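Q: The lines below spell out each chain.
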Amino acid sequence: MGSITLEHVNKSFGEVEIIPDISLEIKDGEFVVFVGPSGCGKSTLLRLIAGLEDTSSGHIKLDGEDVTGAPPARRGLAMVFQSYALYPHMSVRDNIAFPLKMAKTPQAIIDQKVDYAARTLNLGSYLDRRPRALSGGQRQRVAIGRAIVREPKAFLFDEPLSNLDAALRVNMRLEITELHQQLKTTMIYVTHDQVEAMTMADRIVVLNAGNVEQFGSPLELYKKPANRFVAGFIGSPKMNFVDGPEAEKHKAHAIGVRPEHFTLSTTAGAGQWAGTVNVAEQLGSDTFLHVEVEGLGLMTVRTDGDQTFSHGDKVYLTPDANRIYRFDAAGLAL
Amino acid sequence: MATRQTRTLARTMMAPAVIVLLIWMAVPLGMTIWFSFQNYSLINPMMTGFAGWGNYEYVIGDPSFTQALLNTLLLVGGVLLITVIGGTFLALLLDQPVWGQGILRILVISPFFVMPPVAALIWKNGFMHPGYGMLGHLYEALGLEPVDWFAQYPLFSVIVIVAWQWLPFATLILLTALQSLSEEQREAAEMDGANAVNRFRYIILPHMARAITIVILIQTIFLLGIFAEIRVTTGGGPGYASTNIAFLVFRTGILSNDIGAGSAGGVVAVIIANIVAIFLMRAVGKNLDA
Chain B
1 MGSITLEHVN KSFGEVEIIP DISLEIKDGE FVVFVGPSGC GKSTLLRLIA
51 GLEDTSSGHI KLDGEDVTGA PPARRGLAMV FQSYALYPHM SVRDNIAFPL
101 KMAKTPQAII DQKVDYAART LNLGSYLDRR PRALSGGQRQ RVAIGRAIVR
151 EPKAFLFDEP LSNLDAALRV NMRLEITELH QQLKTTMIYV THDQVEAMTM
201 ADRIVVLNAG NVEQFGSPLE LYKKPANRFV AGFIGSPKMN FVDGPEAEKH
251 KAHAIGVRPE HFTLSTTAGA GQWAGTVNVA EQLGSDTFLH VEVEGLGLMT
301 VRTDGDQTFS HGDKVYLTPD ANRIYRFDAA GLAL
Chain Y
1001 MATRQTRTLA RTMMAPAVIV LLIWMAVPLG MTIWFSFQNY SLINPMMTGF
1051 AGWGNYEYVI GDPSFTQALL NTLLLVGGVL LITVIGGTFL ALLLDQPVWG
1101 QGILRILVIS PFFVMPPVAA LIWKNGFMHP GYGMLGHLYE ALGLEPVDWF
1151 AQYPLFSVIV IVAWQWLPFA TLILLTALQS LSEEQREAAE MDGANAVNRF
1201 RYIILPHMAR AITIVILIQT IFLLGIFAEI RVTTGGGPGY ASTNIAFLVF
1251 RTGILSNDIG AGSAGGVVAV IIANIVAIFL MRAVGKNLDA
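In the order they appear, the protein sequences are chains B and Y.
Per my numbering, the first sequence starts with residue 1, numbered consecutively.
Per my numbering, the second sequence starts with residue 1001, numbered consecutively.
Hints may be right or wrong, so weigh each one.
As the list claims (entries may be wrong) - Facing chain Y, a subset of chain B residues (Cβ under 10 Å, in silico):
{"hint": "1", "residue": "R47"}
{"hint": "2", "residue": "R74"}
{"hint": "3", "residue": "F81"}
{"hint": "4", "residue": "A85"}
{"hint": "5", "residue": "M90"}
{"hint": "6", "residue": "L156"}
{"hint": "7", "residue": "A321"}
{"hint": "8", "residue": "N322"}
{"hint": "9", "residue": "I324"}
No wet-lab data here; the hints were simulated from the structure.
Being a predicted model, the structure only gives us computed values, none of them experimental.
Beta carbons are placed, not taken as given, at the ideal position from N, Cα and C, and that holds for glycine.
This is chain B alone, in the form it adopts within the complex (with noise of 0.2 Å):
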């Protein structure tokens, strides 16, 4: 069991205020992210739900009951740290195993639940190993192997793949997703990247400046942005933004258009906005033109690979009229 309720959570640093208040109610068994810009709070969240800093006000429920004022160990959390904070002078065998000594556990189990999550975790040949002489990908193993042995109520990483290399945090992240698929307990999992976001997610919190923008499933972010932040923040590339008069065809402050909701064509006039070419980038299954059109700036748009453009040639685009996103002048989603 393992949901996680916020009511009304309020934290500041003196004078500065981190998270003004935030209720949220994580269910047992979910996958939620938090993501958002770095210093929106979604790391000091973590740490508040952890115990590793204390709350100003309000509070926090772990399966019903009130841990506000608990410390760490208390909560039966685990966490996963970005550096990962191995024990370096302890082998691997010890730094999964140390949760469970601290916890009295009785030898025979300890060496039977670590077998376990060495298997899990393809770890077996390592584990008479220091961290030091791992790789980032099996430090992060380690990590992780050190959380799932204490069985917690859940699971909590803090930008865990961080400090990967590209093609190694697709990987984990698929080795992530499996794990709560196989382990089934709440995970909470902070990052700034809304690619894991969306890829691994049941729901996603949405933070800026310590407030949530929008809680809900990745297709729901993406589909019915609560306000142009989240517009802005969920999709690569980012939306397109046009205010002014072009807006107000539309009975609205601002619009947005996905890159990948344009019909792009080469011949002139077959289309509403005519634009010129400035960067091409041509990834192969896609190319992401960045095109100035006349009277509205640089717009990125999204077009399948097989053309090629350069700089300066002309193009005419139309956008897709049932997915124009519409924001009134506070910004919120109309």
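Once you have looked at the hints, place chain Y on chain B.
A: Below, chain Y without anything else, positioned relative to chain B:
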């Protein structure tokens, strides 16, 4: 130092320093060894010439030598024990966030800036004197008989003074080590359910092992040659109760004016220092490889 040119340059630039150091070390050592085999007493200038192993037999054969050797080991061991344990404890305290941390740290370091003879005098007259020392007053206030520290516990008193001087050094090195421990590791241990004692035992202490090794190595080098504190306070006495090897050399060579025997004692001290160094490197040096 990649190319041949930079290597040659480095050697040429370093040569003067290395040569000067070599001469500085080799000449006095050579002279000491030479004197140690000579009959050379200022009281008896007529007695000269080659002495063979006579000086060595005289120094090592004397019962005071065994006592001085034992005193040296007790002094080094006692001070190391106090400074390492006390230093760890102080470092842990100083690592806590407290108001006025900067001033507090300077205060803690300050004994290290006091010259050894001055420190010894402060302790001798300010604290340990049975008549007007602070400890004497304290004992009297409590209705107890004041203790004449340097007469009753001479070696212990010297150990206390030297430990007081070296405690800041140990504290400083250990505090630096403590501060280099990553915050996430502490937090991970906290999440893993380790209480303060277990965090110290399994996380903090292993992390500090290397710093403790360095403290032990450096202090041993200096503590083997403690001299000023003994000279100022007990003068090596009563009897030979607080005489270490270094002070024994001084007593023989300078107080008794027997340069030959003093030199022999000096050579023996060098050999003892090297033996201690070898054992020490064996015992704790492996911590430095990691």
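Q: Hint by hint, say whether it matches the structure.
A: Taking the hints in turn, this is what the structure says about them:
1. R47: For R47 (chain B), the interface hint holds, since the closest Cβ of chain Y sits about 8 Å away, which is under 10 Å.
2. R74: holds, 9 Å
3. F81: With a closest approach of 5 Å, the F81 (chain B) hint holds.
4. A85: A85 (chain B) check passes; min Cβ-Cβ to chain Y is 4 Å, inside 10 Å.
5. M90: This hint holds: M90 (chain B) lies near chain Y, its Cβ roughly 8 Å from the closest one there, short of 10 Å.
6. L156: holds, 8 Å
7. A321: This hint is violated: A321 (chain B) lies away from chain Y, its Cβ roughly 50 Å from the closest one there, beyond 10 Å.
8. N322: violated, 48 Å
9. I324: Cβ of I324 (chain B) sits 45 Å from chain Y, so the hint is violated.
In terms of the numbered hints stated before, the structure departs from hints 7, 8 and 9, listed from lowest to highest.
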